[in-house]
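If you read the protein sequences in the order shown, they are chains A and B.
Each residue of the first sequence is one higher than the one before, starting from 1083 at the first, in our numbering.
Each residue of the second sequence is one higher than the one before, starting from 1083 at the first, in our numbering.
Just to be clear, a hint being listed does not mean it is correct.
Since the list can't tell identical chains apart, any single copy or any two copies may satisfy a pair.
[To be verified] List time: in silico DSBU-like cross-link candidates among lysine-lysine, alpha-carbon distance up to 35 Å:
no.: 1; residue 1: Lys1390; residue 2: Lys1294
no.: 2; residue 1: Lys1415; residue 2: Lys1294
no.: 3; residue 1: Lys1390; residue 2: Lys1377
no.: 4; residue 1: Lys1390; residue 2: Lys1122
no.: 5; residue 1: Lys1413; residue 2: Lys1294
no.: 6; residue 1: Lys1415; residue 2: Lys1368
no.: 7; residue 1: Lys1386; residue 2: Lys1294
no.: 8; residue 1: Lys1415; residue 2: Lys1383
no.: 9; residue 1: Lys1383; residue 2: Lys1122
no.: 10; residue 1: Lys1383; residue 2: Lys1294
no.: 11; residue 1: Lys1194; residue 2: Lys1413
No wet-lab data here; the hints were simulated from the structure.
2 protein chains.
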Amino acid sequence: MPLPPPASPGIPLDEVDTPALVLDLDALDGNLLRMADAVKESGVRLRPHAKCHKCAEIARRQVGAGAVGVCSQKVSEAEALVRGGVADVLVTNEIVGRQKTERLARLAREAKVAVLADDAGNVADLDAAALAEGVRLDVLVEIDVGAHRCGIEPGVPAAELACSIAACRGLRFAGLHAYHGSAQHVRGPAERRAAIAAAAEKAEFTKTLIEKAGIPCETITGAGTGTFMLEREEGWPRFEQSLFVLATVMSAPSPAHAVLDAGLKASSVDSGLPQVHERPGVEYFKASDEHGVLKIAAGAKAPKLGEKLLLVPGHCDPTVNLYDWFVCVRKGKVEALWPVTARGALW
Amino acid sequence: MPLPPPASPGIPLDEVDTPALVLDLDALDGNLLRMADAVKESGVRLRPHAKCHKCAEIARRQVGAGAVGVCSQKVSEAEALVRGGVADVLVTNEIVGRQKTERLARLAREAKVAVLADDAGNVADLDAAALAEGVRLDVLVEIDVGAHRCGIEPGVPAAELACSIAACRGLRFAGLHAYHGSAQHVRGPAERRAAIAAAAEKAEFTKTLIEKAGIPCETITGAGTGTFMLEREEGWPRFEQSLFVLATVMSAPSPAHAVLDAGLKASSVDSGLPQVHERPGVEYFKASDEHGVLKIAAGAKAPKLGEKLLLVPGHCDPTVNLYDWFVCVRKGKVEALWPVTARGALW
């Protein structure tokens, strides 16, 4: 049985039960426009990754603001998005195993679906699944441009794989996937720029080889929010924080510390602890399963028992995946509740 | 809409779709017996914490094996367990806020419910909620025995709070909660023993004060799996690993590395990365949202594309909370699917 939402439309933010995943709609609307504006006239098309929000409602708004479709990372995630009204999904991942390739091919009957590959055996499996289902699957070759995760070597090995895809009756070679996720976490702008330039060069070289073989290479996908401005070579739009976790002070045993009701099951800590929003001197100091310990600096305004605080999570994607609902707020009031459509869609 | 389970009873483990949360039932059955046996004749009663498994089926088995009831950490978690057939739940946490105290009191109409408190104002709120609902809530005073999280100072402050609970018409003072969770992570056995001895002493001293005031202090709760043997002063039973994450090799780009389809959304990494079960030389090296990178030592048996591996998660509680289903396996075959009843029950 799905859990009930922790709020209802019309109530003030302060009456939302906690912990809750809060989305500021003014910030979201602004960010959607800023992103659309940032890629306008750049020759780059936008395909945001829905693995971050897992929400069909947000995906539809992204498409409404000009995105060509969205990405997903899992077949079950793509299924949930398509059933939520998204018409074009690129699964930016290798899909391995009979159950998964069959479901992927079945989904291609309902929507435009594309997938990555980095292995010839997997290409054969995808082809068989597509033929059995009577569909044609778009397949992009993932090349390893420096992340050393998935992906075949750029150059000849990638071009050979592209040729083998083009030769499959159930598949269509749709381009290259050259994502360098870890480059987003390179701190120095010069080093970050160099990593992206190297990735772009490898992709371009591979594209040239494929086209020499007479196969069109229509798309090169890649880029993340942390690097896309380097990949499009311009200035940086000012995004606003739109995602928060609302938490309640559930214990205030001393002037120097208090405890929130939001711990490891309310905010993912793999990329750092959440930060307390607009409360100088109040630091989220330690997370356990269901508790977040706050350290209160001398002289800072101490949070009171029962008070609700907004947290900025350290990592959006796995934090969103913990919740069933976005509590959508505008100017301090709940406007809507959006289901996290693909919450837990792991496979 | 809840997600479908990744398996059906009767299929071999190797056909379970991945990532999946796998529970070895032989190991579980053995562990239940070992734990019951370990506390037998010790004067200590067992009340396992259901925040770990969040599963009504497991909770009922724990009670069947002799536990007096279970603990939960949140009201919504307690609600899910009670609705799943658990008759006695201690919420080992402070419950703050009108919505939560009302729901807690309502739940006490359906089951035996107890809760912690560390604040006089919160005690008044709990009393009001209980009176409004026409129930009597059991309340234990949480004392801070060294964890410095929630809890009032042991000794006089705790005894005063106990007296104020005993004076409430809607509440019953039910004892002390003296949990020293972090002591489980103290590595040296002598230091661990000292931390637990100090906690026990503070609890005993507070109990004496309360009883001198003429109030019975029937229960002292505490202890975790990592310290209970010190708290009961005997040898250590040999538990078997029963919880796993099953993952598929989705990319094998080089002899030295491969990639699993299980990352941060499949296994919590706050207490360390998952370990690959019984595959020497194969190390789970890096987690991103949906990927786990394996490092393969020279000479080790390299996992093949499509192969399924068992992982031992670094931290059970937040890992279980990512899944909707336990895939219960016995001797390599799926025997049952148990819902993670309180998955995402955060508030």
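How the hints compare with the structure:
no., hint, result
1, Lys1390 x Lys1294, "neither (61 Å within a copy, 38 Å between copies)"
2, Lys1415 x Lys1294, "neither (58 Å within a copy, 51 Å between copies)"
3, Lys1390 x Lys1377, "within (16 Å within a copy, 44 Å between copies)"
4, Lys1390 x Lys1122, "neither (40 Å within a copy, 44 Å between copies)"
5, Lys1413 x Lys1294, "neither (56 Å within a copy, 54 Å between copies)"
6, Lys1415 x Lys1368, "within (30 Å within a copy, 40 Å between copies)"
7, Lys1386 x Lys1294, "between (68 Å within a copy, 33 Å between copies)"
8, Lys1415 x Lys1383, "within (24 Å within a copy, 57 Å between copies)"
9, Lys1383 x Lys1122, "neither (44 Å within a copy, 50 Å between copies)"
10, Lys1383 x Lys1294, "neither (66 Å within a copy, 39 Å between copies)"
11, Lys1194 x Lys1413, "neither (37 Å within a copy, 41 Å between copies)"
In the structure shown, a violation is registered for the earlier hints numbered 1, 2, 4, 5, 9, 10 and 11, in ascending order.
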